[in-house]
Amino acid sequence: MAVTLSLTVNGKAVNATVDPRTLLVELLRNQLGLTGTHVGCDTGQCGACTVHVDGRAVKSCNLLAAQANGAVVVTIEGLAAADGTMHPMQAAFKECHGLQCGFCTTGMVMSAIDLVNRHPKASEATIREELEGNLCRCTGYHNIVKAVAQGAAAMAK
Amino acid sequence: MAVEEYWAPATLSDALERLRGGDVTILAGGTDLMPQSHAGRVTLARGLLNVRRVPELRGIEAADGGVRIGALCTMSELMRDPLVREHFGILAEACDHFASDQLRNAATLGGNVCNASPAGDTLVPLLVLDAEAELASKPDGRVQFRRVPLSAFFSGPGRTARAPDELLCAIRLPRPPAGFVGRFYKAGLRPALDISAISIGIGGVPGGRALGQARVAYGAVAPVPMRARRTEQALEGAVLDAATVERVAAIARDEVRPIDDVRASAWYRRELVFNMTRRMLGDVAHA
Chain A
0 MAVTLSLTVN
10 GKAVNATVDP
20 RTLLVELLRN
30 QLGLTGTHVG
40 CDTGQCGACT
50 VHVDGRAVKS
60 CNLLAAQANG
70 AVVVTIEGLA
80 AADGTMHPMQ
90 AAFKECHGLQ
100 CGFCTTGMVM
110 SAIDLVNRHP
120 KASEATIREE
130 LEGNLCRCTG
140 YHNIVKAVAQ
150 GAAAMAK
Chain B
0 MAVEEYWAPA
10 TLSDALERLR
20 GGDVTILAGG
30 TDLMPQSHAG
40 RVTLARGLLN
50 VRRVPELRGI
60 EAADGGVRIG
70 ALCTMSELMR
80 DPLVREHFGI
90 LAEACDHFAS
100 DQLRNAATLG
110 GNVCNASPAG
120 DTLVPLLVLD
130 AEAELASKPD
140 GRVQFRRVPL
150 SAFFSGPGRT
160 ARAPDELLCA
170 IRLPRPPAGF
180 VGRFYKAGLR
190 PALDISAISI
200 GIGGVPGGRA
210 LGQARVAYGA
220 VAPVPMRARR
230 TEQALEGAVL
240 DAATVERVAA
250 IARDEVRPID
260 DVRASAWYRR
270 ELVFNMTRRM
280 LGDVAHA
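Protein sequence lines, in the order shown, are assigned to chains A and B.
Per numbering that gives the first Met the number 0, numbering through the first sequence is continuous, rising by one, with the last residue being 156.
Per numbering that gives the first Met the number 0, numbering through the second sequence is continuous, rising by one, with the last residue being 286.
Hints are computed from structural coordinates only; laboratory data are not their basis.
All values derive from a computational prediction rather than experimental measurement.
By construction, the Cβ of each residue, glycine as well, lies at the ideal position given by its N, Cα and C atoms.
Please note that a few of the clues may not be correct.
As the list claims (entries may be wrong) - Residues from chain B that face chain A, not an exhaustive set, calculated with beta carbons under 10 Å: (1) T10; (2) L11; (3) H37; (4) L47; (5) P81; (6) R84; (7) E85; (8) G88; (9) A91; (10) E92; (11) A98.
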């Protein structure tokens, strides 16, 4: 049994055929080669697999690829401009050293952009609360919070 | 077993037809189904029925003086909806405690209700709000609806009054009485992404240091999320001085039926029920 899907991934139309049980993250990583989206816990806890579906952050290890049929999906690979200029949030993570091993970073960036879209002037407390769905195994939260605040200011410009 | 069929029907009638055929797993947000099936705790049926396109399962609208909430409404939609926030604040409060933002964007109210976890975050506030489940089926070629009070909907962990050929279309909430106040409390080890050790919902109309028309519900302290009728009776007309609050909280501690599990012992759950009920009633009495 195969399901045929049409969706938009990082601005490009994608047609794919998947088994019904294929997770969205499996489609992204294994079929589309977009390995920037990570699988940490595979149980919806850690947030490393966070992507945007129709503009909202979701955990792609918790959704079937079939559920994204017709949707607009953005992954970490879709953030930078065509000339390679980083998204302001990516630049802020780089400048603030908002990463250590880097495993959680792509999910952190995707969640951070969603939270800034909803709270453009988020306080430090709001940033910490809103990142509750993303775990950093290096416990490098302090610089991550600084990066999100700087990224928010840059996104407002 | 492999999933052999996948359907995403666009009408309620087609969805019910698939359900009537049997051996079907219903998929809504998938946030519980996916990890459960990957962990081997749930076996997906031969047919997977994605109900996302069924229009009758969508929207939040005023109905019968209260509100009709489509089963596909996500936690994020609920906690931002003006109607829910104004009249059913205890539900919005519980949604805010639900998992994390990424899961709130995908998880649906209908999924939380049909999973029927004793610890389901929205179930306690729904019980306090006298919710009804709106179920649809198509037994003889015609779509039929019935309503079941949520207090009679849960029959055990993961078990409900929904028949295999029925689909939960919506949750209906009657308008609470004038002056109604509701409060939700969830005890977990961390504020996010935790399954509650216990949860409490208390609602009623405060006045004269009493809580009129009191409704009290508990989660994760019995095989099903439960209304605490004896505790409610003890509250009716009682002036909430310190001794009365203590007495009512002790009745609640006796009324719940918790078990020992990985999240908490039965003893600890009873102590939480007593202490937090006492604190919440004290707050309500001074509201």
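Outcome of the hint check:
| no. | hint | verdict |
| --- | --- | --- |
| 1 | T10 | 17 Å, violated |
| 2 | L11 | 19 Å, violated |
| 3 | H37 | 6 Å, holds |
| 4 | L47 | 5 Å, holds |
| 5 | P81 | 16 Å, violated |
| 6 | R84 | 16 Å, violated |
| 7 | E85 | 20 Å, violated |
| 8 | G88 | 19 Å, violated |
| 9 | A91 | 16 Å, violated |
| 10 | E92 | 15 Å, violated |
| 11 | A98 | 7 Å, holds |
Going through the hint list in order, the structure does not satisfy hints 1, 2, 5, 6, 7, 8, 9 and 10.
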